[in-house]
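The listed protein sequences derive, respectively, from chains A and B. This note's numbering puts the first sequence at residues 1 to 397. This note's numbering puts the second sequence at residues 1 to 213.
In short, the hints are calculated from the structure, not lab data. One should not assume that every hint holds.
Covered stretches of chain B, as calculated for chain A (at least 3 residues, CB under 8 Å) [said to hold, decoys possible]: (1) 99-106; (2) 197-210.
With a cut-off of at most 25 Å between alpha-carbon atoms, the simulated DSS-like pairs for lysine-lysine come out as follows [what the hints assert, rightly or not]: (3) A:K390 <-> B:K72; (4) A:K66 <-> A:K323; (5) A:K91 <-> A:K323; (6) B:K191 <-> B:K178; (7) A:K142 <-> A:K245; (8) A:K213 <-> A:K245; (9) A:K323 <-> A:K78; (10) B:K201 <-> B:K26; (11) B:K26 <-> B:K2; (12) B:K72 <-> B:K84; (13) A:K90 <-> A:K213; (14) B:K201 <-> A:K390; (15) B:K18 <-> B:K2; (16) B:K191 <-> A:K9; (17) A:K6 <-> B:K191; (18) B:K191 <-> A:K391; (19) A:K323 <-> B:K191; (20) B:K2 <-> A:K391; (21) A:K90 <-> A:K323; (22) A:K245 <-> A:K6; (23) B:K18 <-> B:K84.
Glycine included, C-beta positions come from ideal geometry on N, C-alpha and C.
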Amino acid sequence: MALSFKPVKPLLYTGTNASSRWFSYIGLGIGVLLLLCSVQMFINIQQLLKEGSIRKDGFDFVSITKNITNETMGQPEKNLFHADEIDAVKKQPFIAGVSPLLANDFRVQLSAGNVLPFSTDMFLEALDNDFIDTLPPNFTWKEGDQNIPIILSSDFFEIYNIFAPGQGLPQLSKETAMGIPVQIACYGRDNTITFSGRIVAFSDRVNSVLVPKNFLQWANKNFGNKDRQDASRLFLKLKDVNDPKLIRYLDAQHYVINRDKTLLGRNKIVLQGIFSGLGIFGLLVVILALMLFSFYLQLVIARSRQNLELLLTLGYSPAWLGKHVSGQFVPVYILIVLTALICTQVMQWAFHQFIMFNRPELSSLVNWIVILLAAALVLMAIVTNARLVKKLLYRLG
Amino acid sequence: MKLEIRNVLPTYFEETRKADSGIWGKDLVFSNGDLINIVAPSGTGKTSLVHFLYNLRTDYTGEIRYDGTPLKNMNREALAALRKDHVSIVLQDMRLFGEQTLRENLEIKRQLHPYYPAERIQEMARILGVDHRLNALARHCSYGEQQRAVIIRALLQPFEVLLMDEPFSHLDQANSQKAIDLILEEAANRKALVLFAELEKAAGFHATHLYHL
Chain A
1 MALSFKPVKP
11 LLYTGTNASS
21 RWFSYIGLGI
31 GVLLLLCSVQ
41 MFINIQQLLK
51 EGSIRKDGFD
61 FVSITKNITN
71 ETMGQPEKNL
81 FHADEIDAVK
91 KQPFIAGVSP
101 LLANDFRVQL
111 SAGNVLPFST
121 DMFLEALDND
131 FIDTLPPNFT
141 WKEGDQNIPI
151 ILSSDFFEIY
161 NIFAPGQGLP
171 QLSKETAMGI
181 PVQIACYGRD
191 NTITFSGRIV
201 AFSDRVNSVL
211 VPKNFLQWAN
221 KNFGNKDRQD
231 ASRLFLKLKD
241 VNDPKLIRYL
251 DAQHYVINRD
261 KTLLGRNKIV
271 LQGIFSGLGI
281 FGLLVVILAL
291 MLFSFYLQLV
301 IARSRQNLEL
311 LLTLGYSPAW
321 LGKHVSGQFV
331 PVYILIVLTA
341 LICTQVMQWA
351 FHQFIMFNRP
361 ELSSLVNWIV
371 ILLAAALVLM
381 AIVTNARLVK
391 KLLYRLG
Chain B
1 MKLEIRNVLP
11 TYFEETRKAD
21 SGIWGKDLVF
31 SNGDLINIVA
41 PSGTGKTSLV
51 HFLYNLRTDY
61 TGEIRYDGTP
71 LKNMNREALA
81 ALRKDHVSIV
91 LQDMRLFGEQ
101 TLRENLEIKR
111 QLHPYYPAER
121 IQEMARILGV
131 DHRLNALARH
141 CSYGEQQRAV
151 IIRALLQPFE
161 VLLMDEPFSH
171 LDQANSQKAI
181 DLILEEAANR
191 KALVLFAELE
201 KAAGFHATHL
211 YHL
């Protein structure tokens with residue numbers, strides 16, 4: 001016959017001081033709910049802000065410049081990235097790759113020839129090919145070629161279409177623009193060469209007029225005034241543009257990044273801070289509730305002291321008694337944490353449904369980490385109480 | 001089971017007590033079948049001795065061993081096992097759960113090790129004349145009734161050593177004799193050692209060893 005706890009149960013004065021027991025139950029429930037909700041919201045923020053930037057192969061690409069201030073303007077050596085600075089940026093763990101944007105070191109004039117009465121001084125830049133989002137196969141150049149392929153920023157093209165009517169120029173579609181040959185005049189120290197250029201692609205990522213890197217290197221050598229090594233812009237390949245560590249690093253170095261690309265990241269820092277704070281507060285409430293509950297248990301054992309002592313005198317094992325006394329509260333713990341988990345689930349569903357309008361990045365179900373945390377909390381409550389009761393019973397003798 | 005009492009003295013007694021006592025400060029060894037009668041007036045440490053032997057108190061010098069294992073070295077679980085299966089006790093202050101009936105009190109002990117079926121409770125209660133009170137709350141029973149319930153409780157478990165501290169202090173001559181007969185019969189069935197501490201030498205208890213504290 002297995003030893004039954006049923007006849008022993010009435011000997012425990014568990015009914016006494018119900019208010020302190022209910023306070024600890026409610027406290028535990030609120031604490032667990034706060035903790036679970038905070039963790040879920042933390043995960044939601046991570047998932048939401050992982051999106052929202054132009055990505056290629058799972059990476060974000062942004063360009064950074066130095067912050068040009070009144071003190072540094074007019075001093076290129078202070079506003080350019082030197083080799084050692086580029087190396088330092090490369091070493092950061094949250095930066096997957098760095099490519100300096102090579103700029104023209106000579107005067108360039110762009111015109112549409114006879115097709116459009118349009119002519120402008122322009123700049124050219126070159127970038128490593130694997131940093132370019134829209135790379136057509138014909139984006140190549142070799143020495144002697146008259147034709148230069150160009151990748152134009154979509155933003156620049158949009159700006160052209162905005163000012164074109166005011167200048168008496170036609171607005172163009174992307175397809176037409178790609179068909180129009182442009183003339184690129186490169187002014188050297190004592191020579192001028194005009195190349196024929198053609199837009200081969202538009203880039204959403206790079207705000208520039210890109211030409212093949214080997215062309216610009218060749219042109220800088222032939223038309224340039226000096227052998228310039230430093231870059232004014234760095235193009236970064238990032239695992240996550242919203243990584244708070246990246247933003248803190250760039251701020252510390254006084255580097256400027258396209259603001260709207262990191263706005264989400266900045267919000268993320270604030271939101272994560274708020275929910276971390278809430279989570280810590282929830283954890284504190286959980287600890288407080290568990291402490292309150294341990295006081296309640298101590299009270300139960302103190303009130304039942306005589307009966308428990310007699311049970312031990314009769315030959316009841318303290319381990320068995322401890323297991324069953326603390327086991328009384330296991331269903332309560334499970335119920336409390338389960339209720340908090342259900343509330344978190346309802347909150348997550350409502351958040352996804354009514355606030356986020358079913359955004360695909362989010363799920364209506366709570367994250368598995370939250371479920372794991374709930375299970376860990378139940379386990380923690382059970383283990384701490386079992387240990388406490390056992391200790392108290394051993395003290396009884 | 002071998003019970004050894006080696007040079008035991010309560011820490012609150014003077015050393016001089018050892019000289020006149022048959023127990024304090026002596027080396028004694030008992031084994032199965034021994035019937036030990038310890039006779040002593042009040043205040044000489046009968047209850048202390050029984051409590052030491054059951055490890056309810058440990059404020060003594062010297063050593064008490066069961067089958068060679070010092071009692072003070074046993075952990076809580078080993079002690080619980082010793083009390084459950086090997087050493088039984090009748091305490092002078094009875095110690096029953098007042099809010100439970102006599103039968104519930106006895107069942108709580110019996111379920112620890114169901115050495116006897118539940119019917120045996122009824123049978124022993126009938127022999128000792130408390131069967132009609134089995135369903136009464138312990139706190140509503142007289143000391144005499146409680147004392148008989150405590151004796152039955154001690155006899156419900158298997159034991160090799162039975163410790164008794166003034167077990168009949170609230171019983172009349174006739175009821176005491178019935179209880180002694182039942183205890184001796186149960187002890188004989190188990191070939192157990194019985195240590196019986198009393199104010200005076202009990203008439204019906206034929207001790208194999210007699211000591212004065």
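Results for each hint:
no. : hint              : verdict
1   : 99-106            : holds (count 3)
2   : 197-210           : violated (count 0)
3   : A:K390 <-> B:K72  : holds (20 Å)
4   : A:K66 <-> A:K323  : violated (65 Å)
5   : A:K91 <-> A:K323  : violated (55 Å)
6   : B:K191 <-> B:K178 : holds (20 Å)
7   : A:K142 <-> A:K245 : violated (41 Å)
8   : A:K213 <-> A:K245 : violated (31 Å)
9   : A:K323 <-> A:K78  : violated (71 Å)
10  : B:K201 <-> B:K26  : holds (21 Å)
11  : B:K26 <-> B:K2    : holds (16 Å)
12  : B:K72 <-> B:K84   : holds (17 Å)
13  : A:K90 <-> A:K213  : holds (20 Å)
14  : B:K201 <-> A:K390 : violated (43 Å)
15  : B:K18 <-> B:K2    : holds (23 Å)
16  : B:K191 <-> A:K9   : violated (35 Å)
17  : A:K6 <-> B:K191   : violated (33 Å)
18  : B:K191 <-> A:K391 : violated (37 Å)
19  : A:K323 <-> B:K191 : violated (35 Å)
20  : B:K2 <-> A:K391   : violated (32 Å)
21  : A:K90 <-> A:K323  : violated (57 Å)
22  : A:K245 <-> A:K6   : violated (58 Å)
23  : B:K18 <-> B:K84   : violated (32 Å)
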